[in-house]
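Participant: Take a look at the letters that make up each chain.
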Amino acid sequence: MDAILFLVFAAIAVICGINMVVQKHPIASALSLVGVMAALAALYLLLGGEFIAAAQLVVYSGAIMVLFVFVIMLLNAGAEKKSIIRPWGKYFGAPLLLVFFGIMSFVVQRMTPASDGVTFGGFRGAGPREIGQSLFTVYLLPFEVTSILILIAILGAIVLARKEID
Amino acid sequence: MSYFVLALIKTGIVVGIFMHVLAYLQWIERKVIAHVQLRVGPRRVGPHGLLQPLADVIKLVTKEDLIPSHVNKVFYYMAPFVAVLFALISISVIPFGPQITVWGITTNMSLADPSIGILFILGISGMGVYGVALAGWASNNKYSLMGGLRSSAQMISYELPMALAIAAPLLILNTLNLREIGDMQAGYYWGFIPKWTIFQMPFPQVISFILFMIAAFAETNRIPFDLPEAENELVAGFHTEYSSMKFASFFMAEYANMVTVSAVATLLFLGAWHPILPTTFGSAYIPAIIHILAGVVCFYHASQPARPFDRYTLPVFGVIFMGLGSVFALAAAGPDLVSGIGNAALTDAVSALSQILTPLFWFCGKVLAILFVFIWVRATLPRFRYDQLMSFAWTFMFPAALINLFITGLLVALF
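These protein sequence lines are chains A and B, in that order.
Counting the first sequence from 1 gives a position; my numbering is that position plus 29.
Counting the second sequence from 1 gives a position; my numbering is that position plus 296.
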C-alpha cells in the first residue's frame with residue numbers, strides 16, 4: 030500500500046516538474062509547481078515526517094505559490110514566445126544532460142552513507158515539539174541569523190518599493 | 297483489513313451526511329435571512345420549502361452548461377474542481393466525538409486522526425484560494441479577474457491573523473492533534489463552569505475567539521468580507537462566467553468551508569463535544585428535552601394552524617421531533633436501564649447509541665450555532681470597502697493577534 034502510494038505521488042511530482050518546464054504559460058508553470066510541492070508534502074507524510082509535510086503545505090503550496098500566482102495574474106503575463114534553439118544546443122543538449130545526470134547519480138551514490146535505507150513511516154523524532162526544541166537550543170544562532178536576514182530582505186523590499194513612488 | 301472496512305463505512309456515513317448538510321445549509325440560510333427581514337422565505341416546494349434544495353439541485357444539474365468562447369478552457373474547467381476538492385478534504389480530519397468502543401471495536405469518531413490535524417486544516421484552507429483565483433483569471437474578464445485578485449490578496453492577508461489567533465489556544469492546549477484538543481477541554485471549574493478554552497482560567501481566550509471568527513468570515517468570503525463577488529461592483533465577481541453545476545460547485549465549496557471553520561472554532565474554543573453543564577446537573581437529558589419541547593411546540597401550532605396546511609405538516613414534524621427526543625432519552629438513561637435486563641446484545645446497542653449520539657449532539661449543536669452566527673451576520677452587516685478590508689487586516693487584526701499571543705504566552709509561561 031505504502032509503495033503504491035509512493036509511486037503515485039512520486040509520479041505526480043515528476044510529471045508536474047516536467048510540465049512546469051515544458052509549459053509556455055506562466056500560470057500553468059506556477060500551478061505545476063504547486064502540484065510538485067503538494068506531491069512532496071504527501072511523500073514527507075508517507076515517510077512519517079508529519080510536521081514537515083504540514084509545513085510544506087502551509088508555507089510553500091499555500092502561501093508562497095499563492096503569491097506567485099497573484100503576481101502573475103496582476104501583471105497579466107502572457108504566454109512566452111518560443112525562443113530560437115541554437116544549433117549547438119540542438120545537437121549537444123541531450124548528450125550533455127545525460128552526462129550531467131550520470132555524474133550526479135554517481136556522486137550521490139558515492140557520497141551517501143551506506144545505511145539501512147529508508148522505510149515508510151520510519152522517520153521518528155521530528156514532531157513539532159522536537160523541532161521547536163532543537164530550533165531554540167542547538168540551532169538557536171542559525172535560526173536568529175536567518176530571521177535577521179529575512180528582516181533585512183523585508184526592509185530592502187520596502188525601500189525599493191518606496192523609491193518608485195517618489 | 298478491518299481498518300479499511302471501518303474507514304470505508306465511516307467515509308460513507310460522513311460524506312452522505314455532509315452532502316445533505318451542504319444542500320440544506322442553503323435552505324437554512326434563505327429561511328433565516330427571510331425571517332430576519334420579515335419574509336417567509338422558500339415555502340412552495342414541499343412542506344415549508346423543505347424540498348427546495350432538491351429542486352435547486354435538479355435545476356442546476358439539468359441547466360445548460362454554457363462555456364464562453366473567450367475563456368482559457370483548461371483552467372476554466374479546473375477551477376470549480378479545485379475549489380470543491382480543497383473545501384471537502386478538510387472534513388476528513390475533524391473529530392465529531394471522542395474515541396469510542398462499540399461492539400468491541402475501538403475507533404475515533406473521525407475519518408483520520410493525524411498528529412498535526414490543525415496544521416493540515418490550515419494548509420488545505422490555504423490551498424482553497426486557488427479555485428477562486430483560477431476561476432477569476434481563466435474567465436478572461438475584467439470583473440472576474442478583479443474578483444480573483446481580491447480573493448487571493450484577502451486570503452493571504454487574513455491567514456496571518458487567523459493562524460496567530462489559533463496559536464494562542466494551542467499554547468494552552470499544548471497539542472496539535474484535534475482529538476486531543478477536544479479531550480483536553482473536559483471537566484469543569486468549581487463544578488459548573490466548563491473548561492473550554494474560551495473560559496480558560498488564567499486568560500480566557502475570548503479575544504482569540506473573536507479574532508478567529510472575523511478572520512474566518514474573510515477566509516470563507518462571507519459578508520461583510522465578500523469582496524471577491526461584490527455584486528454592486530463586480531457583477532458576480534469570480535463566478536460571473538460560470539453556469540449550471542460549475543456555478544453550484546463554488547457555492548458548495550463556500551458552504552463546506554463554512555462548516556469546516558465552524559467545526560474548527562468549536563474544537564479549539566467551544567469545548568468540542570463536551571456538554572455545557574456537568575452530567576451531575578442532568579446535562580445528559582438536555583438533548584432529549586430540547587427535541588421533545590420542539591415536538592410539543594409543533595403539536596401546539598398544529599392545533600391552532602396559522603396557515604391551512606399546518607394542520608397536516610406540523611404533526612408530522614412533531615412526531616419526528618418526539619421520536620428523536622425519545623432516542624436521545626434512551627441514549628441518556630438507557631445504559632442504566634438495560635443493564636438490569638442482562639441482555640448482552642441490547643446492552644451493547646444502547647451503549648453504542650449513548651456513546652455516539654451524546655457527543656455528536658453537542659458537537660453538531662455548537663457547529664450549527666456558529667453557522668447561525670454566519671447567516672445572522674450576513675443578514676445584518678453591509679459590505680466593507682476594499683481599502684477598509686486591507687487596513688483592517690494589517691493595522692488592527694494583525695497587531696491585536698500578536699499582542700494576544702504574547703500575553704497568552706506570558707501567562708502560560710508564568711502559571
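Treat the hints loosely; a few may be bogus.
[As the list claims (entries may be wrong)] The calculated label-pair distances, taken between Cβ atoms and stated as ranges, are:
(1) ASN470(B) to VAL88(A): 42 to 48 Å
(2) GLY483(B) to ALA39(A): 27 to 33 Å
(3) PRO574(B) to PHE165(A): 36 to 42 Å
(4) GLY342(B) to LEU34(A): 57 to 63 Å
(5) LEU334(B) to PHE165(A): 56 to 62 Å
(6) ILE363(B) to PHE165(A): 35 to 41 Å
(7) VAL357(B) to LYS110(A): 40 to 46 Å
(8) VAL311(B) to SER163(A): 38 to 44 Å
(9) TYR485(B) to LEU96(A): 42 to 48 Å
[Said to hold, decoys possible] Here are the simulated DSSO-like cross-link-like pairs (lysine-lysine), alpha carbons at most 30 Å apart as the crow flies:
(10) LYS438(B) to LYS110(A)
(11) LYS369(B) to LYS53(A)
(12) LYS110(A) to LYS306(B)
(13) LYS119(A) to LYS53(A)
It is worth saying that the hints were derived from the structure and are not from the lab.
Idealized CB from N, CA, C, for every residue including glycine.
Participant: Name the hints, by number, that the structure is in violation of.
Facilitator: 1, 2, 4, 6, 12
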